[in-house]
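Residue numbers (this note's numbering), protein chains in the order written: chain B, 69 to 163; chain X, 10 to 493; chain E, 1137 to 1616.
These aren't lab readings, by the way, just hints derived from the structure by calculation. Computed from a predicted model, the values in this text were never measured in an experiment. Don't take every hint at face value.
In silico EDC-like pairs for lysine to aspartate or glutamate, Cα to Cα no more than 20 Å straight-line [as the list claims (entries may be wrong)]: (1) B/Lys-77 x X/Glu-360; (2) X/Lys-420 x X/Asp-152; (3) X/Lys-100 x X/Asp-340; (4) E/Lys-1269 x B/Asp-153; (5) X/Lys-386 x B/Glu-108; (6) X/Lys-397 x B/Asp-125; (7) E/Lys-1218 x X/Asp-378; (8) B/Lys-77 x X/Glu-355; (9) X/Lys-94 x B/Glu-142; (10) B/Lys-77 x X/Glu-346; (11) X/Lys-386 x B/Asp-125; (12) E/Lys-1155 x B/Glu-137; (13) X/Lys-100 x B/Glu-146; (14) X/Lys-386 x B/Glu-110; (15) E/Lys-1269 x B/Asp-139.
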Amino acid sequence: MSLTPDEVKAVAHLARLALDDADVPRYATELSSILQLVDELEKAPTDNVSPMAHPLDLSQRLREDQVTETDQRELFQEIAPSTGDGHYLVPPVIE
Amino acid sequence: MHDKSLRELATGLRNREFSSSELTRHFLDRIGQHDSSLNSFVTLCEAEAMKSAEAADRLLAEGDGHVLTGLPLAHKDIFCTRGVKTACGSKMLDNFIAPYDATVVEKLSAAGMVTLGKTNMDEFAMGSSNETSFYGPVRNPWDTDLVPGGSSGGSAAAVAAGLVPVATGTDTGGSIRQPAALCGVTGIKPTYGRVSRWGMIAFASSLDQAGVFTRSAEDAALVLQAMAGFDERDSTSLDREVPDYAADLSASVEGLKIGLPSEYFSAGLDDTLRDVVDQAIKEFERLGAEVREISLPNSGLAVATYYVVAPAEASSNLSRFDGVRYGYRADNPVDLEDLYKRSRGEGFGREVQRRIMIGTYVLSAGYFDAYYLKAQKVRQLISDDFRKAFESVDLILGPATQGPAFRLGDKLDDPVSMYLNDIYTIPANLAGLPGMSVPAGFVNGLPVGLQLIAPWFAEGRLLSAAHQYQQVTDWHRRVPGDFS
Amino acid sequence: MSMQGWEVVIGLEVHVQLKTRSKIFSGAATAYGAEANTQACAIDLGMPGVLPVLNREAVRMAARFGLAIDAEIAPRSVFARKHYFYPDLPKGYQISQYELPIVGKGHLEITLEDGSARSIGVTRAHLEEDAGKSVHEGFGKASGIDLNRAGTPLIEVVSEPEMRSAKEAVAYLKKLHSLVRYLEICDGNMQEGSFRCDANVSVRPAGSSEFGTRTETKNLNSFRFVEKAINFEIERQIDVLESGGKVVQETRLYNPDTGETRTMRSKEEANDYRYFPDPDLLPVELDAAFLDVLRAELPELPDAKAARFQSEYGLSAEDAAVLTASRELADYFEAAASRVKDAKLAANWVLSELGGYLNRDDLEITESPISSDALAGLLARIEDNTISGKIAKEVFEAMWSGEGDADTVIEARGLKQITDAGAIARIVEEVIAANAGQVEQYRAGKEKVFGFFVGQVMKATQGKANPAEVNRLLKEKLQG
Chain B
69 MSLTPDEVKA
79 VAHLARLALD
89 DADVPRYATE
99 LSSILQLVDE
109 LEKAPTDNVS
119 PMAHPLDLSQ
129 RLREDQVTET
139 DQRELFQEIA
149 PSTGDGHYLV
159 PPVIE
Chain X
10 MHDKSLRELA
20 TGLRNREFSS
30 SELTRHFLDR
40 IGQHDSSLNS
50 FVTLCEAEAM
60 KSAEAADRLL
70 AEGDGHVLTG
80 LPLAHKDIFC
90 TRGVKTACGS
100 KMLDNFIAPY
110 DATVVEKLSA
120 AGMVTLGKTN
130 MDEFAMGSSN
140 ETSFYGPVRN
150 PWDTDLVPGG
160 SSGGSAAAVA
170 AGLVPVATGT
180 DTGGSIRQPA
190 ALCGVTGIKP
200 TYGRVSRWGM
210 IAFASSLDQA
220 GVFTRSAEDA
230 ALVLQAMAGF
240 DERDSTSLDR
250 EVPDYAADLS
260 ASVEGLKIGL
270 PSEYFSAGLD
280 DTLRDVVDQA
290 IKEFERLGAE
300 VREISLPNSG
310 LAVATYYVVA
320 PAEASSNLSR
330 FDGVRYGYRA
340 DNPVDLEDLY
350 KRSRGEGFGR
360 EVQRRIMIGT
370 YVLSAGYFDA
380 YYLKAQKVRQ
390 LISDDFRKAF
400 ESVDLILGPA
410 TQGPAFRLGD
420 KLDDPVSMYL
430 NDIYTIPANL
440 AGLPGMSVPA
450 GFVNGLPVGL
460 QLIAPWFAEG
470 RLLSAAHQYQ
480 QVTDWHRRVP
490 GDFS
Chain E
1137 MSMQGWEVVI
1147 GLEVHVQLKT
1157 RSKIFSGAAT
1167 AYGAEANTQA
1177 CAIDLGMPGV
1187 LPVLNREAVR
1197 MAARFGLAID
1207 AEIAPRSVFA
1217 RKHYFYPDLP
1227 KGYQISQYEL
1237 PIVGKGHLEI
1247 TLEDGSARSI
1257 GVTRAHLEED
1267 AGKSVHEGFG
1277 KASGIDLNRA
1287 GTPLIEVVSE
1297 PEMRSAKEAV
1307 AYLKKLHSLV
1317 RYLEICDGNM
1327 QEGSFRCDAN
1337 VSVRPAGSSE
1347 FGTRTETKNL
1357 NSFRFVEKAI
1367 NFEIERQIDV
1377 LESGGKVVQE
1387 TRLYNPDTGE
1397 TRTMRSKEEA
1407 NDYRYFPDPD
1417 LLPVELDAAF
1427 LDVLRAELPE
1437 LPDAKAARFQ
1447 SEYGLSAEDA
1457 AVLTASRELA
1467 DYFEAAASRV
1477 KDAKLAANWV
1487 LSELGGYLNR
1497 DDLEITESPI
1507 SSDALAGLLA
1517 RIEDNTISGK
1527 IAKEVFEAMW
1537 SGEGDADTVI
1547 EARGLKQITD
1557 AGAIARIVEE
1567 VIAANAGQVE
1577 QYRAGKEKVF
1587 GFFVGQVMKA
1597 TQGKANPAEV
1607 NRLLKEKLQG
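Okay, chain B solo, but in the shape it has when bound (with noise of 0.2 Å):
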C-alpha cells in the first residue's frame, strides 16, 4: 500500500495538521514506506482469531458516584493559551 501526495493531505486534514506544500511528497514517500512495512500482517493467518484490544484479559471496574474534585479553574486557566470570565476563548465557533 503506498499513499498518494493526495491522500497525505486528506489524511493531514482529517488529523488537523498543517503540512508544508513542499514536505507533502516527502511525506507520502516516508509514509508509503511504513505501511510496506505493515503489510507484512498481510500473510498472517487470522481467520477465527479474536482481535486483542488489550494485553489483559480483565473487566472494568467500577468507580462510586461521589464528586472528589474540587474547582482547580484558576490552577488549570494560568496555563491555558487564551481565557476570559473562566471560559477558554477560541476564534468563532460557527455552527
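Chain B is already provided as a structure; the job is to place chains X and E on it using the hints.
Below, chains X and E without anything else, positioned relative to chain B:
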C-alpha cells in the same frame, strides 16, 4: 558517591557517612559538570531538590523514612510533575507546567526520594534514538557521537554517566530496554498494569508501561517496589498484590528453565553481540539454569503489528493537543481550523506527525479492518505464542537489540530502519509482559544488553535472575571513561 | 402542499443525561448552572496523562433503562473513542460505545390521540460522555468554551425508523421522557438540555418499501419544537421532491425563532469518526446477579400503573393515562385516593380542579400548595356531607391561597352544610309561603319552577343546605 549502588547509598545515609543534602549536591554538581556533553536533562529542580533533601535529612536524623528516603532520582519528562515543566520532548508542551503529579512521581516522592530534574526523551516517546526531542538529541556517554537509544534516552544516559543513581522511564516498544542496552545500564519494564499510568503522558495506552533505570537489578527492585501497585485512578491498573521484589532477589536460578527464541537469534543480529549473549547463556547454565530453544513463530510480525497499533492509539491520544486549553497555540489563527492545524503542525515534530498520520490512516473509514483490526488479531497470535512458550519455560532470554549504539543522524531520515531497532523488544509490549535489559558485555567497546522476558506478573523472577547473573558478572559496574 | 401520496419515516436519537452526582469518568460534580469551568476537572479538560474511571451509577442507570424497555442488557459492552475536532470536545474524541452498546433492542408502547396503541422499536441505547458548551456572546470576536458539562453521563437512545408522523414522534418522545423520570435516571429538564432530541426524517412515495434520503435535525429542546421541526422538514422534503429535486443527506439545525430548519453540514463534510475501542477502559461486564437486583428494584412503570389504575380504581383508560404520565402525579393521585372512599372522586379533582390551578400558575405537581393529604381532607368533607361539591370548590380556592386545611376553611367561613331536616324544612316552608304564585304554577304542572325553589332555599342558606335534603323536602311540601 556516584559509583555506589542505590543500596550502598541508602546504607551510607543511614550510617551518616553523608547526608542527603550532600548527596543531592554531589549529583547536581555532576550534572552541572557533565551534562553539557550529554544533554540528558531538560529541566533541573535544584532548589526543590535541596529542600526535599533537607526534609529527608530531618527524617533520617529521627531514624524515620523509607529505604529510599534521601536518595536522588530523575524522572523522564513524560511524567507530570506538579508545578514543574513537563514537556514530553515536544514544542507542543514547552510551556506546560503540570498541575498535578503522576502517580509514579507521587509515590517516589512519598518514599522520600529527591527529584533532581526531568530527563530528555524522544518527542512524545516516539523514537529509538532520542533524536526527535525538541530539546535536541541526547548523546551516549560511551561515545558522544552515538545515540543513547530511545525514547527514554535521557534517563539511560544520565544513569550510565553517574549523573543520577536512578531514573524513571517508560517503555511502549522498547523505550526502556533498548536505551538501557545501548548505555550499559539495567532497565526494567514490568507487566502492563503493574505501575499506574496516571499522569504519564500517553503515547499508546495499551502498550505504555513505566519502569526504571538503575545500575543493578538489586537497585531496580528497590525502586520498582515503591513505584508499583494498584491505583484506582487508572482503570488498567492491576489490582494484585506487589511481591516483595527485594526479598525475592536471592531466589536461585538453579533449575530455572530458560527459553531461547530461535527468532531472536536469526539474521540481523550482530555476530559479536551474539557471542556476548552466548557467554551470558553460559553464565546462566553455570548458575544451574536449564536452557532450551523455543519458538515464537509470529514474533516476526511484531514490528508491523506495533506500527499499526501504536500509531493508531497515538493519533487518538494526541488529539487533545489542540492549542485550546494548554500547550502550544499558533499565533493569530484566522479561524478555528487554522488554530488546530497550525498549532498541531507547528507544535509537533516530524516523527510525531508521521505517526499521527499513519495512525489516522489505519483507523479511517475503509482501512480499519485491513490494518487496525488485522493488527489486533496478529497481536493476539503474538501473545498466544508467549502463552504457549511459558507453558514449558520460566523465562525467555535473548538480545535486547540487534547491535550496539549507532551514530547520531544515521537512521533519522529512514523511519523504517529506525523502527526495526525495536524488533526484539516490541513483542513483550504487545503481549503486556515484563521485560528487562541487563548489561552483558561489549561490542566494539560499546555496551550491549541481554533481554529477559518473564510471564505476566512475574517481574520478580526477572529481577532475581538478573541479580543472580550480576553476582557473577560485573558488566553492570562498568562506567564510561569520561564519566568515572 | 399536500401529504397525499407520501409516507413519512421518522427515527429519533435522544440524548438522556443521567442524573448521577459525579461525571461518567471523573469525580467532578454534574450540577447544572455552575460558573464556567468550575466543574471541569483535569480529566474533563483532557489534560495530558489523565485517565478515565467509569462511574458505577451511570452503568446502573443505563442498565435500568434497558430493563424497563424490555431490552437485552449486554453482558459485555465496550467503550470506543469517536474522533472529531471541536473546541467543546477536549480530548479530540468522545468516549462512547459503538459496536457493543450496553443496551440492545427494546421497545416503547405509545398511545396516539385516537386512542390506538403502537409499539416503537428501540434499536439500542449506549453510554457516552456529554461535550461542553460554546458561548458565542460576550467575548468579542471569540467564542468562549465552558467545559462544565463535558463528561456528564448520557445514554443515547436510538429508535427504529418506525414513526410515521410528527405526532407519533412526539408521543414516543413523551413516553420516553415519562419513562426516564419514572426510573429516576434523568431529571427530564429539556430547557437545561437534560433531555435532547435529534430527528431523522425522510419521506417516500406511499407504498414504497425503500427509504428516502434522510436529514438529521438537531437542537430540538422542547416537544413543541420537535413537532414543528419535523413538520417543517416533512413539508420541505415533499416540496423538494414534488418540484423534481433531490433531498440532500445532511445535518440540519432547527431555529425556534423562525420555526425553520437550515443546513448545518452536508454528508460530504461529515466526519470520519475513526472509532476504535478505548484502550484506557476495559470491557464492562455485567453479571446476571447484578441485573437481577436491578430488575427487582424497578419501579412500577407507566403502562403497568395505568392498567392497575383502571382495574383497581375503575378509572377510564384516558384518565389513567393522564394520571400516570408522570410518576409524581400518579403518586399524588394514589396518596389522595387511598384516603377517600371514592377514588374516582379523587381522580376527577386531581385532573380538573388541581390540574387547572397548576396549569394556571405554571406549577409542577410537586410544587402544588395543596398536598395530597390536604386534598384528601377536602374530599372527605364532600363524602361525609359536611360540604357540597360546589362549596368544596370555594374551599379548594381558599386552601390554594393558603388559608389552611379544609376543616379550617370550612370553620372559618362557616361553610358547614345544613343537614338538619328540621332546619331545612323550616326554610322550605318559608320559601313556599313567600312565593304563592310560583307554587300555583308548579302545581299547575310547570315543573321547571322547581329549580326556582331550590335556588331560593340555597340563597337563604348561603348554599350550605344539603342539596339532596332540599330536593326531598321541597318535593314533599310542594305536593301540598
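Hinted pair, alpha-carbon criterion (20 Å max): E/Lys-1218, X/Asp-378. Please report holds or violated. holds (16 Å)
CA of X/Lys-94 to CA of B/Glu-142, is that 20 Å or under? Roughly 17 Å between the alpha carbons, so the hint for X/Lys-94 and B/Glu-142 holds.
Does the alpha-carbon distance linking E/Lys-1155 and B/Glu-137 stay inside the 20 Å limit? Measuring from Cα to Cα gives roughly 17 Å; hence the hint holds.
Given the hint that X/Lys-420 pairs with X/Asp-152, does the C-alpha gap stay at or below 20 Å? holds (17 Å)
Starting from X/Lys-100, check that the Cα of X/Asp-340 is at most 20 Å away, please. holds (14 Å)
Given the hint that E/Lys-1269 pairs with B/Asp-139, test it: the Cα-Cα distance must not exceed 20 Å. holds (18 Å)
Are B/Lys-77 and X/Glu-346 close enough, with their CA atoms no more than 20 Å apart? holds (15 Å)
Decide if the proposed pair is consistent with the structure: E/Lys-1269 and B/Asp-153, CA atoms, cutoff 20 Å inclusive. holds (14 Å)
Holds or violated: X/Lys-386 with B/Glu-110, Cα cutoff 20 Å? Distance ~11 Å between X/Lys-386 and B/Glu-110 Cα, so the pair holds.
Given the proposed pairing of X/Lys-397 with B/Asp-125, does the C-alpha separation stay at or below 20 Å? holds (16 Å)
Given pair status - B/Asp-125, X/Lys-386, alpha carbons within 20 Å: Holds - the C-alpha atoms of B/Asp-125 and X/Lys-386 are around 15 Å apart, at most 20 Å.
For the pair we were handed, B/Lys-77 and X/Glu-355, check the Cα-Cα distance against 20 Å. holds (16 Å)
Consistency note: the structure conflicts with none of the earlier hints.
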